[in-house]
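Participant: Residue-level listing of the chains:
Number of protein chains: 4
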Amino acid sequence: MDNGIHEECGVFGVYGVPDAARITYYGLHSLQHRGQEGCGIVCLDGGELKCIKGEGLVTEVFDSGKLDSLKGDMAIGHVRYSTTGASCLDNVQPFVFHHKTGDFALAHNGNLVNSAVLRRYLESRGSLFQTSSDSEILAHLIRKDSKESHLPRIEAIKEALNMIEGAFAFLILTENRIYACRDKYGLRPLSLGRLGNGYVVSSETCAIEAVGGEFIRDIEPGEIVCIDHHGLRCNKYSDYCHRFMCAMEYIYFARPDSDIEGCNVHNFRKLSGRYLYEEAPVEADIVVGVPDSSLSAAMGYAEAAGIPNEMGLVKNKYIARTFIQPSQELRENGVMMKLSAVRSIVGGKRVVLIDDSVVRGTTSKRIVKMLRKAGAKEVHLRIASPQLIRPCFYGVDISTVEELFCASRNLEQVRKELGVDSVHFLSKEALYNAGHRSEFCLACFTGDYPTDLYQEELK
Amino acid sequence: MDNGIHEECGVFGVYGVPDAARITYYGLHSLQHRGQEGCGIVCLDGGELKCIKGEGLVTEVFDSGKLDSLKGDMAIGHVRYSTTGASCLDNVQPFVFHHKTGDFALAHNGNLVNSAVLRRYLESRGSLFQTSSDSEILAHLIRKDSKESHLPRIEAIKEALNMIEGAFAFLILTENRIYACRDKYGLRPLSLGRLGNGYVVSSETCAIEAVGGEFIRDIEPGEIVCIDHHGLRCNKYSDYCHRFMCAMEYIYFARPDSDIEGCNVHNFRKLSGRYLYEEAPVEADIVVGVPDSSLSAAMGYAEAAGIPNEMGLVKNKYIARTFIQPSQELRENGVMMKLSAVRSIVGGKRVVLIDDSVVRGTTSKRIVKMLRKAGAKEVHLRIASPQLIRPCFYGVDISTVEELFCASRNLEQVRKELGVDSVHFLSKEALYNAGHRSEFCLACFTGDYPTDLYQEELK
Amino acid sequence: MDNGIHEECGVFGVYGVPDAARITYYGLHSLQHRGQEGCGIVCLDGGELKCIKGEGLVTEVFDSGKLDSLKGDMAIGHVRYSTTGASCLDNVQPFVFHHKTGDFALAHNGNLVNSAVLRRYLESRGSLFQTSSDSEILAHLIRKDSKESHLPRIEAIKEALNMIEGAFAFLILTENRIYACRDKYGLRPLSLGRLGNGYVVSSETCAIEAVGGEFIRDIEPGEIVCIDHHGLRCNKYSDYCHRFMCAMEYIYFARPDSDIEGCNVHNFRKLSGRYLYEEAPVEADIVVGVPDSSLSAAMGYAEAAGIPNEMGLVKNKYIARTFIQPSQELRENGVMMKLSAVRSIVGGKRVVLIDDSVVRGTTSKRIVKMLRKAGAKEVHLRIASPQLIRPCFYGVDISTVEELFCASRNLEQVRKELGVDSVHFLSKEALYNAGHRSEFCLACFTGDYPTDLYQEELK
Amino acid sequence: MDNGIHEECGVFGVYGVPDAARITYYGLHSLQHRGQEGCGIVCLDGGELKCIKGEGLVTEVFDSGKLDSLKGDMAIGHVRYSTTGASCLDNVQPFVFHHKTGDFALAHNGNLVNSAVLRRYLESRGSLFQTSSDSEILAHLIRKDSKESHLPRIEAIKEALNMIEGAFAFLILTENRIYACRDKYGLRPLSLGRLGNGYVVSSETCAIEAVGGEFIRDIEPGEIVCIDHHGLRCNKYSDYCHRFMCAMEYIYFARPDSDIEGCNVHNFRKLSGRYLYEEAPVEADIVVGVPDSSLSAAMGYAEAAGIPNEMGLVKNKYIARTFIQPSQELRENGVMMKLSAVRSIVGGKRVVLIDDSVVRGTTSKRIVKMLRKAGAKEVHLRIASPQLIRPCFYGVDISTVEELFCASRNLEQVRKELGVDSVHFLSKEALYNAGHRSEFCLACFTGDYPTDLYQEELK
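Residue numbers (my numbering), protein chains in the order written: chain F, 5 to 463; chain D, 5 to 463; chain U, 5 to 463; chain G, 5 to 463.
For reference, chain F alone in the conformation it holds in the complex (with noise of 0.2 Å):
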């Protein structure tokens, strides 16, 4: 897949289980594909919220003697792909806040669609914004009462939650409880777990499991969980009972080991894969995916179709943040980092490339040229989804529609530029299939978003 789009964040958290900012640390490093430009961990010590965070990945960010600082059995942690438009790490997570009624912190995953509509009617209020990010305005609209009334604080929370729009799955740690919550559509994934006497809350399973925990469920679209020495306590804050689950998150953003309402997403993949096969065969004589995102498909359409699943690209696993890039004259005279091409395993091959997605069409074209100049004699691909044409709204860093490959071109075009012999891109009811569901978002293919837009997000 093109490097032109991006999951926003992960978030983690724990409740009741000692040291529990290191089992943070565990589980934000099982989450770090979901984020690697930054990442912190707030917990509760001593009836006290103490925060570290930093640029980087969980590894370069925390050592151990930061970590050691960090006491307590409550906690709660994020990872960040972007720290774009953020003014210094201002917008690095989790955020706290004082209050006369209680200090909070607060992780978020998702993006709001009426952020702008909101921010004016808080700053009219009174509020004051510190970062430019989406997450800020939560803790505002729970806190913008406090003063007149007695709410026990869910129900303030509640309330906010039902004035944001968009996507979002929100942990917030108080002195004595962690509250987490899904947006009513179900766009982005959140789950809960058992560990020890305790639990765990985590954007993906994998982490659960990382860090020896049990998977209990997920939480539910519209629901709001409260954790605190009562146990669990669970809520609806929103009777809407949709379940547009992102389907970015099967193809491309979380890890294979995870699963996400019931479904796990190498079996979601390698069924794309199956189906792809199904919809567009091919005469040829090996199987290729796309390293990492992309095994699992391949590894569906060989099956399916009974020829051999190559690894026909290779990945540099040493690629890092202070990787010195090759010039622009460098790569054309063909000093290829991040993947290549194996000579001798597609030489002279007729080759099914399996990619998961389209997005600006340069990774793509690469990846053909290196295969063709390896040798492979013809290059099939296969994307496993279907065609990007429209922005996501909803925390998915897509590139505008301006850069969007497949926007402004038909399938002819496409197959023309990115120089291959043929193409074609899995359809929307193998993905509901490939997920066993019937509903998801799908807006980024299809133009359908499940929320309001608010006219002012679309400028």
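One or more of the hints may lead you astray.
Identical copies go unnamed one by one, so any copy, or any two together, can satisfy a pair.
Stated by the list, open to error - Heads up, simulated DSBU-like pairs for lysine-lysine below, C-alpha to C-alpha not over 35 Å straight-line:
no., residue 1, residue 2
1, K70, K369
2, K432, K369
3, K70, K104
4, K420, K342
5, K420, K381
6, K148, K70
7, K377, K70
8, K377, K75
9, K432, K373
No lab work stands behind these hints: they were computed from the structure. What you are looking at is a predicted structure, and each value in this text was computed from that prediction instead of being measured.
Assemble the complex: chain F is given as a structure, and chains D, U and G must be docked to it using the hints.
Facilitator: What follows is chains D, U and G alone, placed relative to chain F:
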């Protein structure tokens, strides 16, 4: 002087000079003695406020690439002593605030005394705080009425400044101007200079000199100076008219090459040394000042006394944050890293030891011991300030009264416990004379606080 | 595979290509899997050998500024696995030697068996060693007679090469040429390629491809290739003619996109998997390979068996040196960071688990346990290599015989202790077939060492 | 003083004290002024020499973990000024050598004059050098005959010391003792102290004091002291008997709290200042010393002249390697980072400016300009050393003769170009008097080199 006392901050701002962030970097570097724990720069780059900040020295937080990324001809910066009480980097300044009426950034040196009251008031009006810093309060005050009125901003700022009580030098950067203001008591210094076709403001004049600027004048107590394309516009927001400059600025914090309200710091200290001699002469062979802050006073004493000023104590210049402190055992075996007494200078001599102040007494005791061990026959301690007996509420991080060595001991007890042959503390009168002025804040020496203290601050 | 086995090094050299150090950087980056502990580059810059080396990954040791400081069109580089036994950085290569007859640099992959004898000999002739590395010995041998004779250098090198016994690929950089040579047994790989108007040499062909070069051929066992302004000159320094390539290169070390002596590594592994099935078929539901090194063999097994190849084990890609390892207690509570078993894939399944080798058995045990815990009904272990029972003296850092799990257990004991339902190790014949060759060094599987071992090495 | 002159090194050793590496760390930290570019420690840990070294300050190269890994009660360490000419870290000391007769490590301060001859000789006997450092030569000399004879080691070292010519203080660490030796001319300092039940050796006494040790005596010129379980054994390896201590040690390099051959450095400098006044008195208002090295001399001048010594120049303490230097343009606009002249001190004053030496003249010119710009009415330059006119071959990195400002100008030219009202350089006689001694190496002032220079060194 002991390690138990610290200034909290320094601020620096540049208006109308190309590469303002770079100039600010050099300015902050010259104010580094006012705070080594964190620093930041915000500049106006293409209409947008860009910010970089971090923990550590200016030379640690900024590298060439980061500095290059901060373009434009307006910037403000901050160095800070302590990140105590900070959740994360949240308390490192400048702070950036986002608001529909315009973004702005703020840098603050000092401490408010009515912050608890104001927080409560602002929270009841909808404010949500993200730091535990006093400095955030001013921002909320400035913006609190912005929905209802179209007051020119200067009016909003003036009104806000009239609500806060305490010590401050504030710099505010908006998208077209810089505001610089000092508290009406004149507790913290702030100076104005010309640089090229623009202006600089700085906590100390040494930084104006360092960047090649020309000192114009000090910002007045109760004054707010607005710098924009019209040039300078000066306003008083208060008619209060005293000049309670913090005496510790002269005694300890400021760089000797700075001038504060018309008086050079080295000259002040040297005169203090002279008065020390006049107040408490003693038969002795040599004068030894504790480096670096007491060297000027030692010069003054020696000249007045007509006995040699010697380098009997030498400071290791390479002490860094990463220095591995000797264990208690090694320290007891005599490992002395920061200071060493010079046997061949003090051996067999009657020494007048000059220090700027006594806080917890521990450093003084250690130095006296070192001198004795190095062979000093007599040690006569002369302190270039009165006894520290009360806490400071204006931004100087003095230990609590319980820890203040002189608060609970008479002069003879002090002498005995420090192990010296005689001791003298400079009189208040001498401070006035050394500064050629009739007003000072001497609260930490006298308990006469120039502001109301608000009961809750005293607990 | 277990963590108990490691290749020691990779070498890369560039002749006659502008910005040779930068090309070497990219080459080493593609050889990073052969050694992550240290690396270095020496280039010929204005007639002088310039060197930068350090501990850590290529992306950690080099930044853009350092790379820019290494100019010229000739360079050699090295990545190294272990700095064990090293005093300081002294064992990080390339080594640079200064001599009146000309400076030279040297990079070495492999291990000598007569180093103790040679050290003694050389010391008795006046040599003084500054490292504990075998690699230094060759340099002393080359220079040992340089005072007396005017042998062309190639003769000195040939003579030296004939004195050393063991496994090696050596690169030597002098002020006008690069020498590349392999041991006469052919134990370690070394390949030659063309790049622009110049040449590259590399431990693996993947790095030649990565820098845009074109593979020419492997350096022959017992061959020394001299590259200078005359082009290539090829010499045999030995008439010995066997090809005892280390089988572990195919089984584990090399990247799947590399070709070694005409055989692609992925293809080798896939064939191994196929033979594994043929040798020991078993009724099962899915095949699961241990990532990353056993994925090719798993593909082969699955294809041959006609059962699905699934991603039942997922590897966290973000494991870094700075990762804070979970405590024993957390590990016992199930915290698994590097690998995780996927419940929804393996649950209730009969699993064929493919791994490349078994060293100490600990990792295998842990993986089997994970699979069981994730619900696998049966686990049939298939190892794509014979039992490891003897130490390697040729540069592979295998644990001692005592630690080799299979050395002291029969097959049934192995099966029982690993906790699997069945186990099979690939036959030696299958290895020959997979590699389409009749010779290999299989010493670690058989104890048949192709070289004399010199008694002192056996202690 | 100008930046054009540098001492090359400092050495420190500990025998028979627990945690010797840690003591060495503190010792090196007190010698840090002798070299900031690199440092290292070798200790004897369980019979094995362990070494850690790196580029940068002691506080940068070592952290607590590294220090903890160096156990044992014998260690030597080194700080080094320059890594010029170094390939990699190869020139950072101590060097470790491996040999059948025993490993040993070596740290060296100084410079040999016959290194080229000795290298040639040793290479003809089979030596192969891995550094471009003189210090490696001694090791080869010591070991050169080790095959033939069973000389006790001390004899081998003595013989080797008699072959080398030049300036040196050497520490040699073997598996049971430390050897400390000085060149027979006495050019470089080396002092011996007692610490607990063991011993310390150090380039300067300040480090002995800093670790709590007790100064015993200086190592004599031509002496080798062997420290082992028998205690101290002292030997002369040469009967030459002069004491040509490098005068620059007193004038500039050494810390003011060090004593060198019985004379305290601060006292030496203060006396120099006094003689400066006596030799060239001038009507003036204030004395200003260039910090830090000229402050003692300024004290002396001021006392003798009876005019005030003022802090007219202030140095920024926070200059670090990572400091981003101001561009040429900014410098021309007056950005002054390292030093600043204090207007309110020097304005309108006749200033006697004291500096320790003039190398290239550039810094002096800049300082004089600064003083003038800050309003100094007259500037009278007094240099506390004679004119530097010849290069040093003994380890002081003075610029070449071409760059030496005074080498090609008479006094009036010097005065004019530096822009001062008068100038005076201290006489050689005054140096002898200040040091209370009749011998010095003044070669850089006179061209009278105490050693043969070997023609090849002069080219």
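Participant: At most 35 Å between alpha carbons: which applies to K432 and K369, within, between, both or neither?
Facilitator: within (24 Å within a copy, 42 Å between copies)
Participant: Given a CA cutoff of 35 Å, do K70 and K369 count as a within-copy pair, a between-copy pair, both, or neither?
Facilitator: between (44 Å within a copy, 33 Å between copies)
Participant: At most 35 Å between alpha carbons: which applies to K432 and K373, within, between, both or neither?
Facilitator: Within one copy only: 28 Å inside, 39 Å across.
Participant: For K420 and K342, with the copy left unspecified, which applies at a CA distance of at most 35 Å: within, between, both, or neither?
Facilitator: The answer is within: 25 Å in one copy meets 35 Å, while 42 Å across copies does not.
Participant: At most 35 Å between alpha carbons: which applies to K377 and K75, within, between, both or neither?
Facilitator: between (55 Å within a copy, 30 Å between copies)
Participant: 35 Å Cα cut-off: does K377 pair with K70 within a copy, between copies, both or neither?
Facilitator: So K377 and K70 pass the 35 Å test across copies only (33 Å; inside, 49 Å).
Participant: As a check of your reading, is K148 near K70 (CA-CA no more than 35 Å) within one copy, between copies, both or neither?
Facilitator: within (34 Å within a copy, 37 Å between copies)
Participant: With identical chains treated as interchangeable, where does the CA-CA distance between K420 and K381 reach 35 Å or less: within a copy, between copies, both, or neither?
Facilitator: within (16 Å within a copy, 48 Å between copies)
Participant: Given a CA cutoff of 35 Å, do K70 and K104 count as a within-copy pair, a between-copy pair, both, or neither?
Facilitator: The answer is within: 28 Å in one copy meets 35 Å, while 37 Å across copies does not.
Consistency note: the structure conflicts with none of the earlier hints.
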